[in-house]
Structure formats: C-alpha cells, structure tokens
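Both chains come to you apart, so use the hints to assemble them.
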Amino acid sequence: MTSLALTRDRIARVRPGPALAALLIAAFLLLFLVVPVVQVIFVAFQDKTTGAFTLVNFADFFRNDLFMRSFANSFYVSAMSVVVASLLALPLAYLTMRFEFRGAVLIQSLGIIPLIMPPFIGAVAMQLLFGRNGSVNLLLRDHFGVSIPFMEGLNGVIFVQSIHYFPFILINLSASLKNIDRAMEESAQNLGCHGFRLFRRIVFPLAMPGYVAGASLVFIKVFDDLGTPLLLNVNDMLAPQAYLRISSIGIADPMGYVISVVLIACSLLALWVSALAMRGKDYATVQRGGGGLAKRRLKPLELVAAYAVVLLILVLVLAPHVGLGLLSFATIWSFSPVPDAFTLKHYQTVFTESGQYITNTLLYASLAALLDVVIGTAIAYLVLRTKLPGRQWLDYIAMAALAVPGVVLGIGYLRSFYGVPMPFTGQPLSNFWLILVFALAIRRLPYALRACTAALQQVSSSLEEAAENLGATKLRTVGRIVVPLMSGGILAGFVTSFATAAVELSATIMLVHSQSDAPLAYGLYVYMQSAAGRGPGAALGVFAVVIVGLGTYLSHVVIERGRRERGQDH
Amino acid sequence: MGGRRGVAENMRSGIRQSDGWLRGVMVALAVLLPATAATGQETPAVVTVLTSFPASFYEPVREAFEQAHPDRRLRVVNTKTTAAITQLQDRAGEEVDVFWASAPDAFEVLKAAGLLAPVASRPTGAPATIGNQPIDDPDGSYLGFALSGYGLVWDQPYLDRHGLAAPRGWEDLRRPGYARHLGITAPSRSGTMHLMVETVLQLHGWERGWATWLEIAGNLATVTARSYGVVEGVAKGRFGIGLAIDFLGQGAGQGTEPGERVPDIGGLRFAYPADSVFLPASVAILRGAPNPAGAGVFVDFLLSPAGQALMLRPDIGRLPVRPDAYAAAPAGYPNPYARETGNDRFLFDRALSSRRYELVNLLFDELITFRLKTLNRVWQLIHEGESRLATLPDPVARDLLRDARAAATAVPVDAVQAIDPTFSAALRRSARGMPISARQGELEAEWRAFSKARLDTALSAAERALVILRVAAGEGGWP
Numbered sequence: 001m002t003s004l005a006l007t008r009d010r011i012a013r014v015r016p017g018p019a020l021a022a023l024l025i026a027a028f029l030l031l032f033l034v035v036p037v038v039q040v041i042f043v044a045f046q047d048k049t050t051g052a053f054t055l056v057n058f059a060d061f062f063r064n065d066l067f068m069r070s071f072a073n074s075f076y077v078s079a080m081s082v083v084v085a086s087l088l089a090l091p092l093a094y095l096t097m098r099f100e101f102r103g104a105v106l107i108q109s110l111g112i113i114p115l116i117m118p119p120f121i122g123a124v125a126m127q128l129l130f131g132r133n134g135s136v137n138l139l140l141r142d143h144f145g146v147s148i149p150f151m152e153g154l155n156g157v158i159f160v161q162s163i164h165y166f167p168f169i170l171i172n173l174s175a176s177l178k179n180i181d182r183a184m185e186e187s188a189q190n191l192g193c194h195g196f197r198l199f200r201r202i203v204f205p206l207a208m209p210g211y212v213a214g215a216s217l218v219f220i221k222v223f224d225d226l227g228t229p230l231l232l233n234v235n236d237m238l239a240p241q242a243y244l245r246i247s248s249i250g251i252a253d254p255m256g257y258v259i260s261v262v263l264i265a266c267s268l269l270a271l272w273v274s275a276l277a278m279r280g281k282d283y284a285t286v287q288r289g290g291g292g293l294a295k296r297r298l299k300p301l302e303l304v305a306a307y308a309v310v311l312l313i314l315v316l317v318l319a320p321h322v323g324l325g326l327l328s329f330a331t332i333w334s335f336s337p338v339p340d341a342f343t344l345k346h347y348q349t350v351f352t353e354s355g356q357y358i359t360n361t362l363l364y365a366s367l368a369a370l371l372d373v374v375i376g377t378a379i380a381y382l383v384l385r386t387k388l389p390g391r392q393w394l395d396y397i398a399m400a401a402l403a404v405p406g407v408v409l410g411i412g413y414l415r416s417f418y419g420v421p422m423p424f425t426g427q428p429l430s431n432f433w434l435i436l437v438f439a440l441a442i443r444r445l446p447y448a449l450r451a452c453t454a455a456l457q458q459v460s461s462s463l464e465e466a467a468e469n470l471g472a473t474k475l476r477t478v479g480r481i482v483v484p485l486m487s488g489g490i491l492a493g494f495v496t497s498f499a500t501a502a503v504e505l506s507a508t509i510m511l512v513h514s515q516s517d518a519p520l521a522y523g524l525y526v527y528m529q530s531a532a533g534r535g536p537g538a539a540l541g542v543f544a545v546v547i548v549g550l551g552t553y554l555s556h557v558v559i560e561r562g563r564r565e566r567g568q569d570h
Numbered sequence: 001m002g003g004r005r006g007v008a009e010n011m012r013s014g015i016r017q018s019d020g021w022l023r024g025v026m027v028a029l030a031v032l033l034p035a036t037a038a039t040g041q042e043t044p045a046v047v048t049v050l051t052s053f054p055a056s057f058y059e060p061v062r063e064a065f066e067q068a069h070p071d072r073r074l075r076v077v078n079t080k081t082t083a084a085i086t087q088l089q090d091r092a093g094e095e096v097d098v099f100w101a102s103a104p105d106a107f108e109v110l111k112a113a114g115l116l117a118p119v120a121s122r123p124t125g126a127p128a129t130i131g132n133q134p135i136d137d138p139d140g141s142y143l144g145f146a147l148s149g150y151g152l153v154w155d156q157p158y159l160d161r162h163g164l165a166a167p168r169g170w171e172d173l174r175r176p177g178y179a180r181h182l183g184i185t186a187p188s189r190s191g192t193m194h195l196m197v198e199t200v201l202q203l204h205g206w207e208r209g210w211a212t213w214l215e216i217a218g219n220l221a222t223v224t225a226r227s228y229g230v231v232e233g234v235a236k237g238r239f240g241i242g243l244a245i246d247f248l249g250q251g252a253g254q255g256t257e258p259g260e261r262v263p264d265i266g267g268l269r270f271a272y273p274a275d276s277v278f279l280p281a282s283v284a285i286l287r288g289a290p291n292p293a294g295a296g297v298f299v300d301f302l303l304s305p306a307g308q309a310l311m312l313r314p315d316i317g318r319l320p321v322r323p324d325a326y327a328a329a330p331a332g333y334p335n336p337y338a339r340e341t342g343n344d345r346f347l348f349d350r351a352l353s354s355r356r357y358e359l360v361n362l363l364f365d366e367l368i369t370f371r372l373k374t375l376n377r378v379w380q381l382i383h384e385g386e387s388r389l390a391t392l393p394d395p396v397a398r399d400l401l402r403d404a405r406a407a408a409t410a411v412p413v414d415a416v417q418a419i420d421p422t423f424s425a426a427l428r429r430s431a432r433g434m435p436i437s438a439r440q441g442e443l444e445a446e447w448r449a450f451s452k453a454r455l456d457t458a459l460s461a462a463e464r465a466l467v468i469l470r471v472a473a474g475e476g477g478w479p
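If you read the protein sequences in the order shown, they are chains A and B. Quick note on numbering: the first sequence equals residues 1 to 570 in the working numbering. Quick note on numbering: the second sequence equals residues 1 to 479 in the working numbering.
The shape of chain B in the complex, shown without the other chains (with noise of 0.2 Å):
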C-alpha cells in the first residue's frame, strides 16, 4: 500500500496509483471542491491531525475550524497516543501535519526521536508557567493550548452505599477500605494513564513511586483496556474510583466510546488530587509535514480566544491556556490559575520521563497489570496483617509483614538502570502480533519471574504473619 506516500503528493498525483486507489479516491473527494474553490495548489487545503481525542472532542473543533477557515478541511487521523508515537516513530500509516495530544511525554519523545519541526509561540496572554510546569515546550516543540488536571473520578452514591470516604490524592488510593474499588487504565494504553504512573513516580521517586503504584494495585478492581473505559466503569458501577483526566469526568456527556453516553452522571464527581500537577495539552507540527502551512493556521486557530473559548463547551470541558478565556466559564467551572493548592515545588521532569517512557509502560503491564488477583490477594492479606498489628503487636509477625510489604513493593529495575538510553533503547511497545526484540522479550521474561516470585514471596509470608496474628489472638490459625 501507499503508507509512505503523502497526502499532498497523493492528492498532486490525482488517483494514477492502482495499489492505493481506493484511498485516493477518498482523499481526493475530501478534497477537491475545497481545492477547486481555493486560488491554487501552494496553500493546500487538507491539515491532517494526529490525535488521542475522542470524536466528541475534535468534532466542534473541526467544525469551528473549517467555520473560520472555509478554504481549509481538518482531517482527523485518532489512535491511542501510545499507539499514535508508534505510528510517528515508524512512519508507518499516511503522513501528517500536526500531533494533538494530552501527555507532555509523548511530545517529548517525539522531540528527542527529531520528529517535530520548530514551532513559534503565540501571544495568547497565558503565563510561561502553571504552578512549575511550563506551558510551552521551553525548546519550541510543542505549545501547550489547554490545561489538564488528572485525578480521581468517582461516583458518590456507589461511595455511599460502601460506606466509604471520597480520596484526595493519590497516597489515600493505597487504603485498604479501597480494595477492588478502584479501575484504571494500563499506562501502555493510555498516555494520560502514563502521565499519572509517572508523576507519582516523579512525586515520590523510582523505587517510592513503584512501591505507591504496587499497593494501589492491590486495591484494584480492573485494568480497562482503554481510559474511556475508566469513566464508563464508574458511572456503570463496575467499580467506585477511577483515575482519570479532568475533562473525561466532568459534566455531561463526555467521556464515553463515540456515539455512547454515560447512562447516569448524576453522581459522579471528580477531585484533583492534593499533590497534583496541572499540566499542558499540546499541539506539535510535525517535521517534514506535507502542509506545514496549514499546520500553523490550526495552531494559530487553537490559541487564539475562539479556539480557547471552544475549551469550556459543556462536550469538551478542558482547562484553556489562557487566562483570560475564563471569564466566560460558566460558575463554578475550575480554574486553574485562581487555584491555590497544587505541589509548587514539583516539577514534572519531562525529558525524565521521555527517557524511560517505554520501560515504564511495560514494567506496568508485567509488574500489575498482568499480576492483578494475585497483588488483590496479597494486599489484603498485608493490610489484614498490619491492622491486626497495629492492636496487637508481635514481633515475628510484624518481621514477617515487612519482608511480605518489601517482597511486594520491589521493582525489578533500579532507578539508574531506568533512565540508563543503553539499558532501555532495545524497548518498544509493539504492535499485536508484533516480533520483539530478543533483549525485550529477555528482559519481559526477567521481569515476569522476578514479580511472580516475590509476590509468592509475600504471599506466604504475609500468610504466615496471619496464622501467627490470628493464634495470637486466640483466633485460631485459619479465617
């Protein structure tokens, strides 16, 4: 197929190609009476996005845009962002101008693989920095056009009836009142998902950050395959918390596969965590873009106050960049620069992130995603232990509980190894069915059976604490 081939050159070279000429014909009607309609072929009318939004998302975007801009089309390309860096660092799939996407890290790894082309920034009024995190890519890459808080979705009544409190960030997502109540995503299919695996890690360091991400795990109910599937599980009642961006909790409406509503949002409510960090949705043109003019024209579009006042429809629900676009929010609409709390001294490492972006994503999947019944298994068992502990001390059992909590904390990777390029340059998410490197599949099998063995390794320890705890308390050794 034409993959390589771009979209301007198809659309110059008319439907000549046999092999691609069913997709020929498709652009090519897109295009033609615009193109017709326009003075010539230098300034071409179809801008290709790449981008991890829904439809509901983009849609009044490209509906605004072509408003403004009745000589221009915005043609849609949406995938996953993990699935979408893929496709850009491969060069697979057709060529496109702009990538428009949530997760900084994702721009970041774009940048350091050379695949954005420099992009001037606009005169939009917003500040240089939110809380301490930059809004534009301070080399030029990429400009941040609106603001992204993640945190905690959840729905109230389903909270009510367990009986349970509302969390407030993220360390609270550990207790064991929480135990199968929570869903998230996988990092490795989700870039908002990786954004908050990896502030958390940044948040509380390597092996910290790990031991927080492990523990949560023992609390949760599912890994859904997709983030939407997060929000849809909480207001369906799957599960009571989820871990979400702002804009896919909020309001009404969003949030949901294309086409599908959430059935009840009536109690769903949505918290920023106390240490969270707000942190720029971006856009990026890319380097070599067929229609690096038309690339630009968007960006301007996406700044500008029409394209910002577009961030609080009800269907979008994103925080604008620019200050001044919030004074047409509706009340109580958040606002991020009249909010006080928030981590002032944190600063969300980028180029940290970028360097261990993949390794992340697939010590996730083996470490929790891949172990979840038995990381249920083993953090009730703990949590069970510690708080029998906590009213009647025993020393061997309280050894036995902190070798079980070390065992089922321990991240097969140490921090330096994790930002070393050599140690992670053999790993890519692969596409399904996709041959690995050797050294990935190596590494993946050493991960699996350093997990499985430490969490039997906790597992028995954390039963025997429990057998001993449980005599201890003239209980019996068995539940």
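Isolated chain A, as found in the complex (with noise of 0.2 Å):
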C-alpha cells in the first residue's frame, strides 16, 4: 500500500510541462533512431520474399568469400590502427607527462590538429604525397631507390585513419597518466623498482583505463567509417560492401543489413571489451594534489631525440593539411614531388559550380546542431532536475546513438522512411532533406548531451530555487536562469556538432538524394571521384577543413572563458 501511494504521489507531482517534453523526445528518439535502427535488424533475420524469420541470410553471408574477406580487413584494418595510433600517441603522451618538456604545447596542438580534418578529405591529398607515384616515394626512388607502400590497399586505410584518429589515444591517455598516484611510482620505487619495468608492471597497468578507452574508440571509428576507404577504393571492407550493396542493388538486398548488424554487433563487442577492461580496474587517485608521475628534465641527447620524435609526428600529423593545401592550388600534380604550377581557378570552380553544397551544408548542420542542443539540454534538465519516472532512459538511448554506425543510421532512414509518402507532394519521406538534417542530429547527438549535461552539473540548483521563490514560474526560471548560465556548454556543443555534421559522410551519402540537396561532404565525395575533380575537390575540403577548424577553436574559446569566469567566481 505504501509503494502504491508513494507511486500515486510520485504520478501527482509529475508536471504536465516536463513530461510533454519528455514525451515529445521520446517520441523523437524512437522515430529517428530506435525504428530505423530495430527495422536494420529485423530485415536483416527477414527471408526476403516470404517475411518469416531466417538465418539464412547470414549463412549467405558467411559463405560469401567477398564478405567473408571484407569482414576480415576491416578487422585488420581497425586493429591495426590501434596498434599505428598507440605508436604515434604513446611516446607523446609520455614525453608530456613524464618530463619538464618545453614542446608541450606543440603536442596539445598535435592532439587537434588531426581532428580538424576528417579523414577521408585528407586520403586523396595522403595518397598524393605517400602514395605509389607520390612524393616520398618519388624522392626515395630517386635518391635511394627504394619505395615504401604507405598508401598500397589497406595500408592506405590503416595510415590515414591512423593519423587522424591517434589523438582520441593520446588524450584519455594523457589524462589518466595526468591522474596516477605519484605515490603509486614513489612506492614501487622504494621497493627497488626502476626503468622499463616500473613503467610495464606500475605506470602502463595504472594509465590501462584510458588507453583502453582511447583505443576501443579508434577501434570503433575505423571499423564503422565509409568515407575514408570509399575515396581511397578500398572496397574490401565492410562499411563500403553495405554502401555498394544497397547503392548497386537496391533497399531490398538484404546483405546490407545483414552487414549493418554486423557493424553493430562488432561495435557493440568493442564496447563491451573496454566495459571488461575497466571493470574492477577504478583507479581513482585517493589524494588530489599529488597526481601525475614525477617530472624530470631530460639530458641534451634525449632532448634532442624527443624533439626529433615530436617533429617526425608532427610532419605527419601536418601532411594531409599541407597536401590538401597544395592539391587545391595546384594546376597539375601528377609524377612529381610538387605541382607543376599553382592556381586560383579551383576556387573559383567551387565557388560558381558548388556554392549549393556550401549553403547546403550550412543549413544543414546549424539546424541539426540547433535541434541537438536543444534535445541536449532538455533531456540534461529533465534527468538532472526533474523526478520524471524512466527520464535515466532518455539519456541511455541518445547515447546509444554512438554505438551505431553511419551507413547502418542511413541504411535504416531509407528503410523506414522510404514506404512513408510525403503529405502533399507523395514523394518518399526518405527523399526529404529535412530527413538528413535528423540523421545529422541523431549521430551528434551524444556528444552535444554530454556538453549539455557538463554545462547543466555547473549550474547550482540554488540559483532556480532563488528564482521560483522570487515567483518565477519553472518555464520562465529555464528560460531566464537555467539556458543563460549553461549558455557557454550549449553553445560549446553547438559548435562541434555544427563542425563534425558539416563533414559527415556515412550517413549523408545514403541519403542524399539529389544534387541540389547534397551537402559539402557528398561534393567531395564526387569531385574526388576523377581526377579532373580533385583539384575543386580540394579546395572544397580546405573550406571544410577551415569550417570544423573555426568551430573548434570557437569552442575551444567559449569553453576557456567559462572556465576563466567560474575561476573568478570561486
């Protein structure tokens, strides 16, 4: 009786205003993400004529020696990135956390710089520089006569994701090296520990956390990515094979699904694997203060060879950049180390032929990134501020957002919302660019939770109660307390889910549907596709790349200045 009073109580102390917004949410999360994502599944267990459930599909698939191989690389490929990034990100984060090093500002910049270009607008630039015919290898042939196939099939995938994604390493790395123990070094030293193997059996085990994080993520990212192995013709994975099977066969071939599941459960089992890693492992420091290893100043001959180490990353790290600053200028670059000459006309070609991919993108990825701060606060309030029964559920399933990759997010929409007609027009609902812009909100969403959220934890709660008790109804009390002083998180999560949505291109290649409504990353896509194009495909990427650079350091500053006001605050 008492639970069912209490229940009764907590039914009555539900507003009506927060549980529409909930509700409106829900509804939301289950139309754009749920449905498309359970529709994947349920088609790919579908027989494709009768509808019953089969596994037949799957034995297809399992015996198909194309999928079979392509499930093998993209394997290959992710775990090889891992182990290329750990190589990039390990002696960095070292460097940074074990030595007084003066280069530690250039490493927290190599930490960004990858991330502002995504990955598949530097592969053709990558492949200019490393590739078979490419620059290196132009000047080691003629100087050494060797070649190095960087750029050879899967090396190309596996060094350009690399590269980009070796930061996400580098910084839970850095950051759990940041929070060990001193105390933990200071005892192991005193028992007579030193040198490699105080770093394998205390430092590397204690700073395990973050690199597992950081390396399921780039396990993760590799695996689901399209972009980066359909611009270097690496069709022999399985993010590529889903996109090729729905694009040459149609929505009703069910091996695409039967690969989106696929994509999930790999996605799922990364996952789970760093979940394993962490379990039992909660080496949160017990005293603040005393955190991070002891720093000592490096001899001139490490100096140097760390200067060196930082220098060879950062060449690398820099090479898509300068590679696809050079492309875009170029006239033409073909067989040789630099372009023939330069020129100005591919931005002219991008301004005049491809100014509905820039504006497209622009619309697109404000509205989506506007729709993301929205949900983002809404469901940080409604968990954080509200009893709502099952508002916990709100956050689980935007966040289940990340485990799914793209190409299965776009396969789903044109599944689901194919059948859909349009009110008047009766076109496919699938076909509405209004429907990009949802995919676009749906994959940023976590990230843009997140922010919200960190923003909202910020807020003290007193600050509302001053407020209602001054009179002010709940609706006015978020609308002139609570939003103003989360503003800098929201707007930090607009940014970045403005700049990542600006150059997404697994889920937008599935769905765009006409020229006039493709976004900038489809321009890319399909000026990279010929050679004629890659000049203006460039350039266009150099406007992207500066596009999620902006963004980055925009949030990059809304951030530190929220940071520098709490600080006066306290």
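No lab work stands behind these hints: they were computed from the structure. Among these hints, one or two may not hold up.
As the list claims (entries may be wrong) - As a list, the in silico SDA-like pairs of lysine to any residue whose alpha-carbon atoms are at most 20 Å apart:
(1) B:Lys373 / B:Thr222
(2) B:Lys373 / A:Arg63
(3) A:Lys221 / A:Ile264
(4) B:Lys373 / A:Asp65
(5) A:Lys178 / A:Ser86
(6) B:Lys373 / A:Ile264
(7) A:Lys178 / A:Ala104
(8) B:Lys452 / A:Leu154
(9) B:Lys373 / A:Lys178
(10) B:Lys373 / A:Ile171
(11) A:Lys48 / B:Pro479
(12) A:Lys221 / A:Ile171
(13) B:Lys80 / B:Lys111
Shown next, in the form of structure tokens:
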C-alpha cells in the first residue's frame, strides 16, 4: 500500500510541462533512432520474399568469400590502426607526462590538428604525398632506389585513419597518466623498481583504463568509417560493402542489412571489451594534488631525440593539411614531388559550381546542431532536475547512437521512410532533405548531450530555487536563469555538433537524394572520384577544414572563457 | 594400344595384335569385303577422314562418294576442330588421310606444323578469290571445297516478343538492348567461333577487337559447350540471337546434335553481318597419309560437279565454290558470287590467325567464358550509366564511366606479344585432365588475375558513376 501511495504521489508530482517535453523527445528518439535501427536488424533476419524469420541471410554472408574477406579486412584495418595510432600517441603522452618538456604546447596542438580534418578529406592528398608515385616515394626512389607502400590497399586506410584518430588515444592516455597517484610510483621505486620494469608493472597498468577507452574508440571509429575506404577505392571492407550493396542492388537486398548488423555487433563488442578491461580497475586517485608522475628534466641528447620524435609526428600530422592545401592550388600534380604550377581557379570553380553544397551544409549542420542542443539541454534538465520516471532512459537511448555506425543509420532511414509518402508531394519521405538533418542530429546528439549535461551540472540549483522563490514559473526560470547560465556549454555543444555534422559522410551519402539537396561532404566525395575533380575537391576540402577548424577554435574559446569566469566566481 | 599404327598397316598385318585386336577386327570388317572385291592391295580401299562436320553433313557425302566409287570406303572420324588439331599435332589416335573442316586457321596451324601434303588445284571453274579471300591455299597445302559465311542466327518471334530489332553486324551486338539475349560458343571449343573471333580481331585490330568482344560478352546469356548448342539455344528460345556458321542456321533439320532435330525452326533467321567475310571450308591431305591415292580421289570427288551439287542439299546447305553449281540452287539460296556487299578491302590473314591461334582461345576463355556473370553486371551498369550520361552530362560520372569502360575492355596481351612466337610457343589447349606447361599455367593465372582486377575496377567505377548520376537526376543514390 505504501509503495502504491508513493507511486501515486510521484505521479501526482509529475508536472505536465516536463512530461510533455520528455514525451516529445522520446517520440523523436523512437522515430529517428530506435525504429530505423530495429528495422535494420529485423530485415537482416527476414526472408527476402516471405518475410518469415530466417538465418539464411547470415549463412549467405558467412559463405560469401567477398564478405568474409571484407570482414577480415575491416578487422585487420581497425586493429592495425589502433596499433599504429598507439605508436604515435604513446611517446607523445609519455613525453609530456614524464618530463619537463617545453614542447608540450606543440604536443597539445598535435592532439587537435588531425581532428579538424575528417580522414576522408585528407585521404586523396595523402595519396599524392605517400602513394606509389607520391612525393615521398618519388624522392625515395630517386635518391635511394626504394619505395615504401604506405598507401597500397589496406595500408592506405590504416595510415590515414591512424593519423586522424591517434589523438583519441593521446587525450585519454594523457588524462589517465595525469591522474596516476605519484605515491604509487614512489612506492614502487622504494621497493627497488625502476626503468622499463617500473613502466611495465606500475605506470602502464595504472594508465590502462584511459588507453583502453581511447583504443576502443579508435577501433569502433575505424571499423564503422565509410568515407576513407571509399575515397581510397578500397571496397573490400564491411562499411563500403554495405553501401555498395544498397547503392547497386537496392534497399530490398538483405545483405546490406546483414552487414549493418555485423557492424553494430562489432561496435558493441568493442565497447564491451573496453568495459571489461575497465571493470574492477577503478584507479581513482585517493589524494588530489600529488597527481601525475614525477617529472624530470631531459638530458641534452634525450632532448634532441624527444624533439625529433615530436617533429616527425608533427610532419605526419600536418601532411594531409599540407597536401590538401597544395592540391587545392595545384594546376597539375602527378608524378612529381610538388605540383607543376599554382592557380586559384579551383576555388573559383567551387564557388561558381558548388555553392549549393556549401549553403546546404551550413543549413543542415546548423539545424542539426540546434536540434542537438535543444534536445541535449532538455534531456540534461529532465535527468538532473526532475523526478520524471524513466528519465534516465532518454539519456541512455540518446547515447546509444554512439554505437550505431553512420552507414547503418542511413540504411535504416532509407528502409523506414522510403515507404512513407510525404504530404502534398507524395514523394517518399526519405527523399526529403530534413531527414538528412535528423540523421545528422542523431549522429551528433551524444556529444551535444554530454556537453549540455556537463554545463547543467555546473549550474547550482540554488539559483533556480531563488528564482522560483521570487515567483518565477518553471518555464520562466529555465528560460531566464538556467539556459543563460548554461550558455557556454550549450554553445560549445552547438559548435562541435555543427563542425562535425558539416563533414559527416557515412549517413549523408546514403540519404542524399538529389544534387541540389546534397551537402559538402557528398560534393567532396563526388569531386574526388575523378582526376579532373581533385583540384576543386581539394578546394572544397579546404573550406570544410576551415569550417571545422573555426568551429573547434570557437568551442575551445567558449569553454576556456567559461572556465575563467567560474574561476573568478570562486 | 596401337594408336600409332596406321590403318593400312593394320589391314596388311591383319588381326595379329593382341592389344589392339578389337579395333583391328572392326577395321578389317569394314574393309575386307571391298578389299577382296578390289583388284589388289596397291589401291587400299579405305579413306580415313578427320572432320568437324556433323553426321548430317558427312553422311550424305559418304553415301554419294561410295556410290560414285564403289571400290572405296570412306571412314569418318568426327571431332571438334580444336580437338582435331591437338590430335594431329600429337599424332594421337589413328592415322588419317584427309583433314576436312571449316576453319581456315586450323589448316594454317597444321600447315605451319608441316603436317599437310601438297595438293594440286583442281579445275573447278572457281575464281581464285571470293571477295578478297583466296579460296585455295596459295601455297597449295589445302583446297577450298565450299564457302561459309559466318553470322547471326536469330529467332524472329523471340525478338518481336522482346521488342528487339534484328542485328546487322558485329558492332550491333554490343547494343545494351541485347543484354542476356545473346549466345555463342567458346572459340576454344569451336573452330567456327574461333574464326568469328579472329575475324573481328582482324577487322578492328587487336585491342579494339578485344574491346568489341568484351562488350559483346556483356550481353551474353551463355557460352554453350558446342557450336551446335548455339542454334539449338536460339531454336529453343533460351536466347534470341546466336553466332553461327550459315549452314547451321538455314533451312530445316540441320545443326542440332546428330539424331536430334530442331523442334521449331519456323522463326529462325540467318544474316551475314554487314562486314562479313566468306571463307572457304577446306580439305587437305595429310603428310604421311596411309592412303594418299584414295585421299586424292576423295578431294577430286568433293570438287567435282557431283560433289559440289551435294552442297546444295537442304540437309547440308553449304555454298559451293563452283559458281556453276548455283544454277541448280533452289530459289532464294544465297550466292556469294552474286553478292555485292561484304568488306572487299578486308583480307583475312590466315598466317596471322595461325600464329596466335591458341593464344586467342585461351585468352577468350580467361577473359570472357569464365567471367560471364561479372561481365553481364559490369556492362549493364556501364550501359545504364552511358545512357543516363547522354541526357544528363556530368563530368565526374563521365570520367568514371570512361575509366570503367577502359578497365572492362583491357586485354593483358598486346598485339605485338600476341604474334611473338616465343610468347605463345608454350601455349597448348590441353586435353581435359592433362597437365599444362608451367609457363601456360603462369600466364593463365596472370590473365585470370588481370581480368578479375580490371573487372573489379570497372564494377566499382561504374557503380560510383551511377550513384552520382542518380543523385544528379534527383532520384537518390540507390536503384
């Protein structure tokens, strides 16, 4: 009886406003995330003609050697990307954490630069620099008579992906190195442990959670990525196969769905493995202040070596940017270390011919980002400030989008909305450009949600209570007090969502319906398909990098300012 | 077994051998009666003929020959042209006197191998050339006895049903509309088909010729195991258009496997392609023939008015080499001598053909016969893309489709290599289950890899082009 009374009491306390907001958000997530993904899984287990439950599609998948090879390739590429990315990230992280090193600023920027260029944009430029007849190999062949197959087949994908994604490992690893209790290290040293043994037995295990988190993220990202293999013309990987099946055979073909299920399963598996690795390994620092490893100065020779390593990685990291820049100004760049001559006409071409790509992108990305911060703020408020039953589920479902590859979401949207006619025109709903905006919003929602939740956590609820005590309604409080106080975090969330949505290709390429509705990422993909289009493609790519770079810089500024203001408040 | 032993020796030595006795008995039975009736052993009665012609062709000839020469018997060994060449080159099986077949290049191969004895030209009244092609071998190694046009056989009701126009030339066969309506046989399994392949290769040049065949291959429904399967396939409606020799496509009853009749030939039509050539079907006497005299008599018979008249019989349906024979032809019977069309400037180069005979066969199998499904798919996409491109020019898609076409029509051997004797020396079409030379194995593997890689490239380029074109047309990225 008491529990019933309690429930009734709780229901009575549910106010209609938040409940309505929660219902709207739930409906949105259900319609544009849950239904499409469930639809994909459903179709994978359905007989193509009868619609009955069957495993025959999976049997077909595992019997087909192209798919099995693609599966193996995807796995190999993801694993190797983790390895190569670790090789790049480990020395950098160790250098900054272990030594008094003035190059630390350099390393910090190393952690940002790759992220502002989506890998598929840099892929073509990397081919010109590191390909079989790229600058590096031409020089190597001329001077040493050797060439290195950086970009041959799968190598190219691994190379491009690990340069792009190694910051994930760097950031996570640095964070967990920073949190290591120095007492641990000192205790080990007191017990006579030092050198590599100290690193292997004490430092590395303590840093493990951060490393595993970064590594699994890299694995998932590489496994799901469609753009990079597609641009490098590597078709025998899972995501490109899913895309090619749908785009060449149609949405009725079950193999695209089966591949999607395999992609989701592998994403979940990687998440599970990382959770497993973290379980029971909560190395939360007991004391604050003594954090991080003991730092020491580098000896001169070590310093030279350290700078050499950092500079080498810097060169690698800057290579796609430099290559893309050169390509966008090059007249002809083929079989020579640098372009023959330079021109501005590619930019002219882009602005005259492809203006719609840019305007579409600005429209779609800002709408998607707006949607994200609105939903993100609402979910954050519902979760943190209301007692609505089941409110945590909104958070969980929104975060589940992380495990859904873009290509899977695209396929799910096609399947779910193709049969739905649009009002008035009668066209399939999946052809409507707003669907693309929703896909982008869902893809970026997890990031915006985390930003908004963090922002709300920093707003003291006493300020809201004060407002309500002064007679403000809930809605007015949210509008005049909460949101303005959260504005820094919301803006940061908006900008990151915007910048990354602007260059999303995986879901976009499945959903682009007509050229006039196509965003920048699609235009880039199309340009990069032909030799003649590489120049304008690179110019468009530079534009994309500028958008993402500006966005990243803005969000950085916003976050820093917020941090400083709070610092002053205290 | 006594495979190397000649028929004549067999006859002389009777049935002494224990290992080959059964065949000895059979041969002896076949010859004993006329042999005893003949005056003596000097003119052996049996003439052994190795031929690729079907029974419906050689049976009437055999009957007429034995009637005209009651003292002689014609023994026919029937096999495919390509197998016949291998057999003669390897001297496997029994010794034969006469080689009797359609494909001129087969004769060139045998001539080059020194397997043919000189044969004097007979006064037949036939001109030295038809179109631009010599009828008899200028070196006197073989004689043309009939003419063949090679061309297109189709089922008119089938084409009507599918709303297709009848093809007029080789080039037409590349049309997208004929997708999966075409049937051919493999040149490695049919001398006739080999001749057609080679004709196009010579008409268009090596690279362009292969490009033509590879594109035609995109339209193939099947590659039949034997050349008769092509006409049969058309007749049974398995596909609408086939490539065949003219006698197989004409009239009633011929062309199927011996003993089987084409069920419904009402709708079958045959046409010589616009740039067709007439080539002689020939006869030659083999060097070291056990019965050279009898062989000469048979050749004389074929070229005599009586032998030529046989060509007009509906169950044979060949074009005689003697122009005077056409006087007795039924109305509407094609007369190559009265034909204005045909490519007069084109000279079928038999020597060139013989130099790359096996190479063309093996290449065709690796590039086309074994890749049919992929070729169908690749060309379907390229053709769809190109037709969309015509109404919606898109530079990127155009480049991609050009790449796709280039990759789908590439041939791994260049024209110079193709006629390099050292390059194709080791190439042999081997009997099933027999090991091939290491070099041939390497080359075949190389071609297979080449073909697979190029078709993969073509497929992916064409798929990408189509996505771009569909999106440019506002139809979305998938079909």
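Status of each hint after checking the structure:
Straight-line distance between C-alpha atoms of Lys373 of chain B and Thr222 of chain B comes to about 9 Å, which keeps the hinted pair within the 20 Å bound. Proposed proximity of Lys373 of chain B and Arg63 of chain A is supported: the alpha carbons are some 18 Å apart, at most 20 Å. For the hint pairing Lys221 of chain A with Ile264 of chain A, the CA-to-CA distance comes to about 12 Å; that is within 20 Å, so the pair holds. Restraint check: the Cα-Cα separation between Lys373 of chain B and Asp65 of chain A comes to about 16 Å, which is no more than 20 Å; the hinted pair holds.
With a C-alpha separation of about 18 Å, the suggested pair Lys178 of chain A and Ser86 of chain A falls inside the 20 Å cut-off, and the hint holds. Taking the CA atoms of Lys373 of chain B and Ile264 of chain A, the gap is about 32 Å. The hint is violated against a cut of 20 Å. Of the supplied pair hints, the one linking Lys178 of chain A and Ala104 of chain A holds, its CA atoms being roughly 14 Å apart against a limit of 20 Å. Between the alpha carbons of Lys452 of chain B and Leu154 of chain A the distance comes to roughly 18 Å, so the proposed pair stays at or under 20 Å and holds.
A threshold of 20 Å between alpha carbons decides the hint, and for Lys373 of chain B with Lys178 of chain A the separation of about 59 Å lies outside it, so the pair is violated. For a cut-off of 20 Å, the pair hint linking Lys373 of chain B to Ile171 of chain A is broken: about 50 Å separates their Cα positions. Proximity of Lys48 of chain A to Pro479 of chain B is assessed by CA-CA distance (about 17 Å); at most 20 Å being required, the pair is judged to hold. Using a Cα cut-off of 20 Å, the hinted pair Lys221 of chain A and Ile171 of chain A holds, with the two alpha carbons roughly 16 Å apart.
A threshold of 20 Å between alpha carbons decides the hint, and for Lys80 of chain B with Lys111 of chain B the separation of about 18 Å falls inside it, so the pair holds.
Hints 6, 9 and 10 from the earlier list are contradicted by this structure; the remaining hints agree with it.
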